[in-house]
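Given the coordinates of chain A, assemble chain B with the ligands onto it according to the supplied hints.
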Amino acid sequence: MADLTSNFLGIKSPNPFWLASAPPTDKEYNVRRAFEAGWGGVVWKTLGAEGPPVVNVNGPRYGAIHGADRRLLGLNNIELITDRPLEVNLEEMARVKKDYPDHALIASVMVPCEEDEWKRIIPRIAETGCDGFELNFGCPHGMAERGMGSAVGQVPEYIEMVTRWCKEATDLPVIVKLTPNITNILLPAQAAKDGGADAVSLINTINSITNVNLDAMAPEPMIDGKGTHGGYCGPAVKPIALNMVAEIARNPGTHGLPISGIGGVTTWRDAAEFMALGAGNVQVCTAAMTYGFKVVQEMISGLSQWMDEKGYTSIEEVVGRAVPNVTDWQYLNLNHVTKARIDQDACIQCGRCYAACEDTSHQAISMSEDRVFDVKDDECVACNLCVNVCPVDGCITMETIAPGAMDERTGKVVEKEYANWTTHPNNPSATAAE
Amino acid sequence: MPQTNRENGVSPGRLTPADVQANFADLHPAYDEHEALVAADRCYFCHDAPCMTACPTTIDIPLFIRQIATGTPEAAAKTILDQNILGGMCARVCPTETLCEEVCVREVAEGKPVEIGRLQRYATDTLMAKGVHPFVRAAETGKQVAVVGAGPSGLACAHRLAMLGHNVVVFEARSKGGGLNEFGIAAYKSTNDFAQKELDWLMAIGGIEIRYQQALGQSITLDGLQDDFDAVFLGMGLTAVNALRLDGEDKTNVTDAVDFIADLRQASDLTALPVGRRVVVIGGGMTAIDAGVQAKLLGAEDVTIVYRRGQEAMAASKFEQDLARQKGVTLICNATPVGIEGNGSLTAVTFAYTETRDGKLETLDETFTLPADQLFKAIGQKLGDTPDGLTLDGGKIAVNDAQKTNLANVWAGGDCASGGDDLTVTAVAEGRDAAMDIHATLTGAS
Ligand SMILES: Cc1cc2nc3c(=O)[nH]c(=O)nc-3n(C[C@H](O)[C@H](O)[C@H](O)COP(=O)(O)OP(=O)(O)OC[C@H]3O[C@@H](n4cnc5c(N)ncnc54)[C@H](O)[C@@H]3O)c2cc1C
Ligand SMILES: Cc1cc2nc3c(=O)[nH]c(=O)nc-3n(C[C@H](O)[C@H](O)[C@H](O)COP(=O)(O)O)c2cc1C
Ligand code: SF4
Ligand code: SF4
Ligand code: SF4
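If you read the protein sequences in the order shown, they are chains A and B. FYI, our numbering numbers position 24 of the first sequence as 24, with every residue one higher than the one before it. Count along the second sequence from 1, add 1000, and you get the number used in our numbering.
Hint data in this document are derived by calculation from the structure and do not stem from the laboratory. Glycine is no exception: its CB is placed at the ideal position from the N, C-alpha and C atoms. Check each hint, because a few of them may be wrong.
In silico lysine-lysine, DSS-like type, Cα no more than 27 Å apart, as pairs [what the hints assert, rightly or not]: (1) A:K12 with A:K167; (2) A:K310 with B:K1176; (3) B:K1318 with B:K1296; (4) B:K1112 with A:K294; (5) B:K1327 with B:K1189; (6) B:K1360 with B:K1327.
The following residues of chain A were derived to be distant from chain B, with all beta-carbon distances above 10 Å [to be verified]: (7) L9; (8) P53; (9) N58; (10) I65; (11) A151; (12) D224; (13) G351; (14) A355; (15) G411.
With the rest of the complex left out, here is chain A:
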């Protein structure tokens, strides 16, 4: 049996599944039940400065994108950080940590960008016995208008500065939570590293408007006839998060910086994918908010089964395993030739592949009078569109053309050697192949 125990920055937890800082972790009642349900750790709902807490809207906070049958695919929210007094949160955190010493409890923090504010609150929170800090430089709405959250996360200099203050204020690990609302994720990640961060976590939510009420002519969720952009999360954001995680993991400047992967983790597979791309653990919010705490049971059993099947015995063996295979486009092997293959026994003759290829791609699928669909090798560029639009799993696959065989489309023999764009004759700045 694979060992799922996780050691992230020296913080131990029974498994790598943590609840992200959000409503699921906003109070003692939730967190206790989450630990009982099997979650390995929590990042407590973001704490703000002392004094009167923030207030939330009193109308709807969420909007959503649904698939057919109302499966929730993306969630959008305009909630702020915790709206409960700091003192109450700290007492609860201390109580929970005392009762669950083997589970991870991280404090998420967001206070105004002033040195004494951060240096005062960090030691105070540390008294709860928490295992570390997560600096919330990510929330894209509300708090950003007040110069916090993503307003900080979008300015690398601020990230570095605040991270340094916090590192000076505590010996506990400091994780910097990054906003995806930025063009190049490497800059804030590098800044966090330069400021001394022990890790980065990403992604926080993405600026979004999920839908517009066409009767009221206002975005949803609508508060008294007006709406504002919210933060997008859930299954829909996973691809964006995975890419950002991979970029940080493979970039020489940030490679090796521990990462806590967040964004759309819904099943064991999502978690395994984040970890393969370099995340040391994962954090989950929307899946728990959609299905309840129990959903972690599937993540645990699935990850464990998959690791057993693959012969991985510990989380460390999985983390970063796919990173060496993430590369730039220019290094992809242009001599690797594939062709689409339609399994006629599996084909249900819907013609979706035909429509896709004929109308929008390369006119590489033929259709007979009696609805037999076949790939024309002399036209197929191997784009994979037909594979993706076919409703039957595994019906259309890509076959690799062996070196030495003819590519009917180009009329050239497939070469055995790897060759990429950097050496391609059509590339004006090609470096001569050695």
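Coordinates of chain B with the ligands only, in the frame set by chain A:
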């Protein structure tokens, strides 16, 4: 389907081998992976799910369906088998329409439940096809437990006890295990010798020995078992049948439905199994339906099931009644047999109409006669002889919530014990629960 043999009387080979084979194919063929994923996608992962409460073994249905949805049917199977070691058989034979699927929120809301039974089969079949037995025994406790009967209740009890580290000896009267899974369940529900395969798979836990042709009350006694073992579990099912108490019940070709079904289940060549041209079945439960439908599938020309009360009182579910009608079986309600006709061999059965007045069933004067050359009695099974000293309750061995009988260190479960419906899944639940209480007792935890 061309009739190849229209002879009157009870005769084999009424249909071609190919037709018989097609007739006895899997009632609900197994899902392939794509079908399973689509079916699993419909589950809402309900909180405190009603389906789970309705399952007598309380399988965590939302979790196992989610495990299928995420591509880990083996983990799903483990979730199922944790609660119900015969989850494979139950997936085939449970009347889901009156259990989990009846209360699925999507059945209630849309009249179309998540197909829990078929998903359960997909998961368990996937695991068993890999030959994996996902449980290991705890360290041996040195305790010996006797289990009487290798049916669902006995096997579930034995497996759980073995898993907890006890040594189990199962005493089985027949020369084959499985109980009604092997001898009773309709052939089209359990195809390809599944009952024996499941039994072999279950035995892989180790620590269980089955001794065949050892009947309690004959070669062994309860006193003897109590002396030789630390605990005894009784799971011998219902071995006696109710009688019609009519003249002519001894005529040739008047038989118990359960015997016909057992013969059918054990036949190596179904075309060699004789069946009547015109068959009448008396009863209104699962056994009546199974006998009628299987007689029809063997090639009987006319099959009529006659039940003495109204349709709403039938123990067979709506799904099973519909299945019978769909296979061409005629159902007649509110009629009770009054005469078995024929000179030596059966030729017809005469019925009187009935009516329920003030909750009492009354037989009316008007009668009708159905020509018949074979009559199956399916009017209920009952407890056979039981060892002295056991307290009975309503014709069954009285047990408490933990399946304990009145005798020291004797537990009972399944059809022979009081409480619960006479279903495979209930037998499994009771066998398992008895094992847990036996374990608690033997290890001093209670
Ligand atoms: C025709 C028919 C169809 C059915 N169809 C379904 C269905 O589709 N779905 C469903 O859920 N349920 C069905 N049932 C009910 C189900 O089969 C039973 O509820 C279930 O098998 C009960 O399990 P058990 O272990 O209590 O008893 P059994 O299955 O009856 O097993 C008892 C075992 O004990 C052995 N035994 C008996 N006496 C002794 C003795 N003195 N000493 C030693 N061993 C002994 C027997 O040989 C047998 O192996 C059906 C029943 C019948 C008769
Ligand atoms: C309602 C809601 C409130 C959130 N509040 C916070 C917060 O206070 N602090 C924070 O760092 N992230 C917050 N987040 C972001 C999540 O922690 C997480 O980064 C994001 O939802 C992506 O993960 P997911 O796809 O698993 O939901 C919030 C998300 C939601 C949906
Ligand atoms: S891979 Fe692309 S080009 Fe080739 S057949 Fe499919 S859709 Fe057409
Ligand atoms: S359908 Fe009912 S129980 Fe389900 S989420 Fe909506 S309100 Fe709650
Ligand atoms: S009641 Fe139906 S939808 Fe809900 S968990 Fe059970 S099977 Fe799924």
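Okay, the hints, checked on the actual structure:
1. A:K12 with A:K167: The hint holds at about 20 Å.
2. A:K310 with B:K1176: The hint is violated at about 39 Å.
3. B:K1318 with B:K1296: OK: K1318 of chain B and K1296 of chain B at ~19 Å, within 27 Å.
4. B:K1112 with A:K294: holds, 25 Å
5. B:K1327 with B:K1189: Holds, at roughly 15 Å.
6. B:K1360 with B:K1327: violated, 32 Å
7. L9: Since the minimum Cβ distance to chain B is about 28 Å, L9 of chain A lies beyond 10 Å and the statement holds.
8. P53: holds, 30 Å
9. N58: holds, 26 Å
10. I65: Fine: 17 Å to the nearest Cβ keeps I65 of chain A off the interface.
11. A151: holds, 37 Å
12. D224: holds, 32 Å
13. G351: holds, 19 Å
14. A355: Non-interface label on A355 of chain A holds, nearest chain B Cβ at 21 Å vs cutoff 10 Å.
15. G411: holds, 38 Å
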